[in-house]
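**Q** Each chain, written out:
Protein chains: 2
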Amino acid sequence: MKILFRQMVIVIIFIAVSASVFADEGMWLYNDVPAQLLKERYGFEPTSAWLEHVQKSSVRFNSGGSGSFISEDGLIISNHHVGADALQKFGDAKHNYYRDGFYARTLKDEKRCLDLELNVLMSIEDVTARVNAAVKPDANAADAFASRRAVMAEIEKESLDKTGLRSDVVTLYEGGAYHLYRYKKYTDVRLVFAPEQQAAFFGGDPDNFEYPRFDLDICIFRAYENGKPAKIEHYLKFSSKGVSDGELVFVSGNPANTSRQLTIAELEYLRDRFLPYVLQRLNSMEVMLTAYSARSDENARRARETLFGVQNSRKARDGMFAGLLDPQLMAQKQAAEQALKTAIAKDPNAKEVLNSWNLIADAQQVTSRNALEYNLLEGSNAFNSTLFNIARTILRAAEEKPKPNGERLREFRDSNLESLELRLFSEEPIYNDFEQVKLTDSLAWLVKQLGYSNPVVQKILAGRSPQERAAELVLATKLKDVSLRKKLYAAAPADVQAANDPMIELARLVDQEARAVRKIIETQDEIKRQAHAKITRARFAAEKTGSYPDATFTLRLAFGTVKGYQENGQAIPFQTTIAGLYERAASHNYKPPFDLSKQWLDRKNKLNLKTPLNFVSTADIIGGNSGSPVINRAGEFVGIIFDGNIQSLVLDFAFTDVQARAVSVNCQAIIEGLRKVYNVPGLADEIAGKKRP
Amino acid sequence: MKILFRQMVIVIIFIAVSASVFADEGMWLYNDVPAQLLKERYGFEPTSAWLEHVQKSSVRFNSGGSGSFISEDGLIISNHHVGADALQKFGDAKHNYYRDGFYARTLKDEKRCLDLELNVLMSIEDVTARVNAAVKPDANAADAFASRRAVMAEIEKESLDKTGLRSDVVTLYEGGAYHLYRYKKYTDVRLVFAPEQQAAFFGGDPDNFEYPRFDLDICIFRAYENGKPAKIEHYLKFSSKGVSDGELVFVSGNPANTSRQLTIAELEYLRDRFLPYVLQRLNSMEVMLTAYSARSDENARRARETLFGVQNSRKARDGMFAGLLDPQLMAQKQAAEQALKTAIAKDPNAKEVLNSWNLIADAQQVTSRNALEYNLLEGSNAFNSTLFNIARTILRAAEEKPKPNGERLREFRDSNLESLELRLFSEEPIYNDFEQVKLTDSLAWLVKQLGYSNPVVQKILAGRSPQERAAELVLATKLKDVSLRKKLYAAAPADVQAANDPMIELARLVDQEARAVRKIIETQDEIKRQAHAKITRARFAAEKTGSYPDATFTLRLAFGTVKGYQENGQAIPFQTTIAGLYERAASHNYKPPFDLSKQWLDRKNKLNLKTPLNFVSTADIIGGNSGSPVINRAGEFVGIIFDGNIQSLVLDFAFTDVQARAVSVNCQAIIEGLRKVYNVPGLADEIAGKKRP
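Chains A and B are the protein sequences, given in the same order. Under this note's numbering, the first residue of the first sequence is numbered 2, with each subsequent residue one higher. Under this note's numbering, the first residue of the second sequence is numbered 2, with each subsequent residue one higher.
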């Protein structure tokens with residue numbers, strides 16, 4: 002259940018505020034953990050040392066997931082499907098590490114990732130007052146947005162200059178708070194170990210978002226500094242005992258996005274416009290990628306990670322859509338909104354606060370009218386091409402970089418340029434045929450959405466069919482050459498234009514429209530942000546309970562109980578074993594995606610088949626939590642999140658622990674697998690705490 | 002490239018008229034073959050005996066394809082993918098004839114198809130004058146439609162009573178002509194032989210609509226009468242020589258639908274509304290069916306034929322859409338329309354005729370506005386469920402049958418009832434889980450299209466989520482019971498209502514809306530029909546060349562040359578061999594869909610590897626021609642159509658023989674396969690003309 006930033010399917014971001022909390026609900030801020038609640042319910046009091054240790058052991062994968070340090074020499078564990086992006090980029094016609102796995106016997110064999118950036122959260126600072134002070138109370142929404150963007154860029158730049166740390170101002174509670182997050186960055190990250198995909202993603206798409214599960218969804222990297230393994234103070238020790246039924250566990254990771262505090266008007270937009278659009282887009286891409294993959298093994302290799310991402314997104318969003326079509330869930334949402342409105346009636350600014358719902362609904366209408374054009378032109382749904390993304394970045398860099406920091410499009414702020422350049426100058430392989438297929442398909446998608454006669458469509462097609470146009474663009478652009486990218490990225494706008502690269506010229510052709518519609522959406526977001534801020538303040542006053550903001554792909558602490566559940570009258574146990582893996586494979590006659598690799602078949606009799614493989618807990622997670630460590634009271638690593646069950650897909654909108662569960666790999670299965678299936682005792686020893694030789 | 006009537010994806014039918022003809026163009030009427038042209042170009046003069054022989058050897062599969070008699074004892078050959086519907090319905094959890102193939106060693110072993118109806122065209126009668134006379138010149142479109150429907154039903158009923166033959170009035174040249182087609186019907190059709198799907202559909206979806214090809218896409222049935230093999234006067238003898246490069250061949254089959262004579266306004270509707278909608282629908286179904294199939298072998302078996310049909314449709318329509326986005330094709334269409342308008346200016350009724358284009362464009366606008374609701378409610382896109390189709394037929398039968406024949410919905414006309422009942426009372430297996438998955442998905446599709454708050458959507462969902470509603474309907478309906486269907490089909494409306502079956506009640510719930518929107522579409526069709534009739538008459542006067550009407554799933558004769566083509570600077574040869582099959586499988590490491598069954602692998606050294614396997618010709622074909630015999634001058638069977646190449650997908654709109662080719666199985670490969678791979682000498686002997694023992 003990885004979130005896919007590179008997918009560019011999620012383009013309108015919903016941000017919102019939080020309310021009162023039940024059961025094991027909550028994706029808590031590290032500077033606002035529910036200490037009282039944990040003490041009362043579980044008799045557990047996390048010390049500040051415990052919290053710092055867990056926080057600094059946690060790692061964010063900027064490609065879209067979570068992970069953690071597990072050795073003092075910089076070993077990091079995440080999911081195979083989080084590592085997939087890096088694995089895919091290593092591959093070529095003769096090597097399919099994503100499918101076949103990888104192991105580096107020595108440090109020298111560890112393979113450096115092409116464009117992977119990891120972040121470790123070092124500190125959080127509340128900068129709400131400074132951000133709000135920069136926005137004049139009577140400013141219109143467009144000016145307010147500009148002022149807010151400027152002050153955020155300024156704070157980030159100051160912090161970067163002062164500390165050398167990656168510095169991001171994060172909008173929480175939708176303007177209820179602005180916190181400055183400072184991260185230590187690792188950009189020299191090397192691949193140490195990945196199992197074959199059969200084991201990591203046993204059951205494939207059919208078993209994705211399902212439970213019981215039997216997956217060894219892990220991938221192990223090492224962080225380097227100055228060409229040597231990084232020395233890590235805070236890392237998690239593997240528990241030797243795994244988990245037991247009913248145990249309290251913590252999850253420290255980066256949930257990407259939730260929509261729990263959206264108003265009904267915003268939820269209706271998701272249900273009526275956003276999800277229908279995204280699902281159609283995903284279906285269309287899945288069919289295109291599946292058909293392309295079926296033509297040859299090499300095609301399948303090239304499209305593998307993209308296809309998995311699309312299928313994963315499709316299944317997640319199908320579940321979200323089903324949630325919004327569940328009359329009970331919507332009734333519950335409506336009742337909560339009504340109750341809050343009633344409670345707020347006592348607020349001195351009640352009228353103004355109540356009007357915030359109308360302002361949000363109106364802004365959502367404007368967003369709704371512009372969302373299609375935004376998704377197609379600014380969100381690049383019309384240009385599904387790596388080369389196009391490179392072209393647009395180069396075009397815009399030339400225009401944005403000369404501007405003052407605070408006036409640039411947000412991705413070009415000074416404090417973000419290093420991260421942007423890491424991706425822009427990636428040596429990731431780019432395949433002409435795959436680029437052409439994707440671009441042809443997305444140009445046809447554009448035609449289907451806006452209609453052939455639309456002037457923008459006509460301008461983009463330039464008198465060609467989508468297929469001809471895609472071929473002409475992909476074959477003529479020179480942007481596969483990274484040195485050319487570096488040259489143009491450093492060039493003045495006139496020199497970029499003089500390069501006369503057709504893909505850059507395509508980006509230029511639509512840039513005015515794309516920027517214009519982006520401005521509309523950003524302005525509506527500012528209106529919603531201000532309105533949500535008012536609702537949030539009134540809510541806090543009315544409810545007086547601890548709370549947490551909706552997910553923002555920043556580090557959060559969740560907690561929960563290791564616990565099975567009931568489904569169709571059956572008790573689903575809290576954990577599975579390695580024996581269960583063999584049974585499930587046999588029950589499907591070892592047919593893909595239920596097949597096992599030769600090493601798993603050959604070494605079955607060496608394994609302790611009773612070793613727990615996967616387990617479930619009530620911890621509150623969502624996409625982006627993939628790879629998050631699961632931690633016990635002692636601060637030990639007991640497992641790693643890799644999925645949620647099908648009932649968890651509504652967690653985007655509301656927490657429930659009746660059947661919804663987070664699914665993890667047990668730490669014991671990891672060690673058992675490394676030692677007995679993969680025969681990599683050195684790696685297992687390092688994880689177990691033995692010093693590297 | 003089978004057409005899928007049961008798919009209910011194609012719902013708005015386009016009918017049109019024909020113009021002058023080039024090269025080997027033409028899907029000719031049997032009562033209007035281009036004798037002069039054949040004589041001049043090929044020195045071939047088909048005698049009336051030759052024509053009658055070919056016509057009466059040709060068989061229409063009402064499940065959506067073509068075929069031919071190949072023995073005096075009723076053997077019929079068609080494609081495996083045309084037989085797929087029957088093969089699928091025979092299967093159960095223990096038998097997968099569709100995948101694994103079938104052979105009946107004795108007559109007793111031949112398996113009777115559950116609901117397959119075959120038609121052999123016996124005569125054609127021009128009834129244009131009588132149909133037109135029944136429509137008052139000053140009638141409005143709705144009345145004109147009613148009068149036309151009534152007289153057609155009357156003619157059909159008279160003919161059925163008089164001859165006992167299935168009698169259909171076919172609208173040709175869109176009202177330029179109405180012909181009465183009389184068919185001998187076979188409803189006792191038994192399966193004799195099918196190869197495994199690996200051989201029949203070697204290369205699967207990747208190679209579908211591609212060439213070179215290596216497929217043994219055949220399926221052999223036997224027609225029975227009175228419980229015994231039918232005695233057939235007209236059947237095709239297999240040629241012993243196959244085909245040679247440059248040879249003239251004929252194709253006798255039932256092309257389902259072409260759009261060559263649509264006006265630009267109608268083509269733009271296809272491009273801007275119809276195809277984008279249908280492609281999204283197909284993508285969505287393909288993802289749903291693929292995901293369902295991946296869960297288990299048994300699921301895959303249940304969904305197999307449906308999934309193939311959807312993929313086939315998707316690929317065909319992708320090609321059509323690409324054709325309409327080709328500026329050259331559209332420019333050619335526009336130029337032709339303009340040239341025709343200029344030519345017509347000399348017509349005494351020029352003004353009225355020229356106005357016909359406006360009338361069509363206006364009617365198309367109305368159709369366009371109503372098409373979505375029509376597709377969802379009347380076309381059943383919202384109710385993708387076999388049980389729903391049964392329920393609707395029962396509901397409507399009770400209301401329609403008491404009406405006078407001419408006033409009924411056209412499918413309930415007297416002359417069609419036997420065919421309707423054959424399908425309604427089919428013992429085809431229906432699976433609750435598959436029904437639920439399909440119905441859930443299509444109800445969600447409905448929500449996505451009309452929006453959750455739409456009153457019709459709310460009425461249909463009845464306070465449930467799509468999943469809950471589908472489960473409640475599928476599990477509670479009693480319509481799986483064929484005896485109940487028979488009882489209710491014979492019952493009065495009040496008794497159908499008293500049965501209180503939830504699926505019938507769902508059909509009732511939307512029946513008013515469905516009938517209303519159907520009436521709108523049918524009325525617009527009448528307007529277009531009258532307008533097209535005027536254009537056609539004027540065109541014939543202006544052009545004075547022989548012509549043929551757009552395809553209507555009625556028997557047509559096409560002709561062409563056996564001939565390779567150039568692609569990307571390469572010469573693509575006119576035929577492939579069995580050796581090529583083994584080479585292609587090896588080059589894909591025998592991975593599905595490029596794998597070979599054990600018998601093909603084991604018996605390779607018994608085969609003459611030089612035997613021609615597939616060949617291409619310039620004959621003018623389209624979906625529905627699947628299974629059509631390819632015939633030489635001597636009237637012998639030389640091959641069987643099973644596909645068109647990717648360049649042929651634009652044939653829907655315009656004929657071209659530059660690269661577009663029809664793809665056939667060579668008759669020699671059929672005999673070689675039957676004797677040496679499948680080891681069925683009895684069947685091969687019967688086809689070779691030996692008397693059955």
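The reader is advised that the hints may include incorrect statements.
Any copy will do: because identical chains look the same in the list, a pair fits if it lies in one copy or spans two.
What the hints assert, rightly or not - The calculated BS3-like cross-link candidates involving lysine-lysine, where the alpha carbons are at most 30 Å apart (straight line), are: (1) Lys-460 - Lys-334; (2) Lys-112 - Lys-186; (3) Lys-488 - Lys-352; (4) Lys-158 - Lys-57; (5) Lys-185 - Lys-402; (6) Lys-592 - Lys-95; (7) Lys-607 - Lys-229; (8) Lys-334 - Lys-238; (9) Lys-347 - Lys-232; (10) Lys-592 - Lys-605; (11) Lys-109 - Lys-487; (12) Lys-90 - Lys-592; (13) Lys-607 - Lys-460; (14) Lys-238 - Lys-57.
Rather than coming from a laboratory, the hints here were simulated on the basis of the structure. Treat the numbers as computed from the prediction; the structure is a model and nothing was measured.
**Q** All hints are to be evaluated individually against the structure, with a verdict given for each.
**A** Hint check:
1. Lys-460 - Lys-334: between (44 Å within a copy, 22 Å between copies)
2. Lys-112 - Lys-186: The answer is within: 18 Å in one copy meets 30 Å, while 70 Å across copies does not.
3. Lys-488 - Lys-352: Neither, since 56 Å and 64 Å both go past 30 Å.
4. Lys-158 - Lys-57: Classified as within; 23 Å inside a copy, 84 Å across copies.
5. Lys-185 - Lys-402: within (24 Å within a copy, 78 Å between copies)
6. Lys-592 - Lys-95: both (24 Å within a copy, 17 Å between copies)
7. Lys-607 - Lys-229: For Lys-607 and Lys-229, the Cα distance exceeds 30 Å both inside one copy (35 Å) and across copies (64 Å).
8. Lys-334 - Lys-238: Intra 41 Å, inter 72 Å, cutoff 30 Å: neither.
9. Lys-347 - Lys-232: neither (55 Å within a copy, 91 Å between copies)
10. Lys-592 - Lys-605: both (18 Å within a copy, 27 Å between copies)
11. Lys-109 - Lys-487: within (28 Å within a copy, 76 Å between copies)
12. Lys-90 - Lys-592: Both: 27 Å inside a copy, 24 Å across copies.
13. Lys-607 - Lys-460: neither (64 Å within a copy, 60 Å between copies)
14. Lys-238 - Lys-57: The answer is within: 13 Å in one copy meets 30 Å, while 82 Å across copies does not.
In summary, the structure is inconsistent with hints 3, 7, 8, 9 and 13 from the numbered list given earlier, while agreeing with the others.
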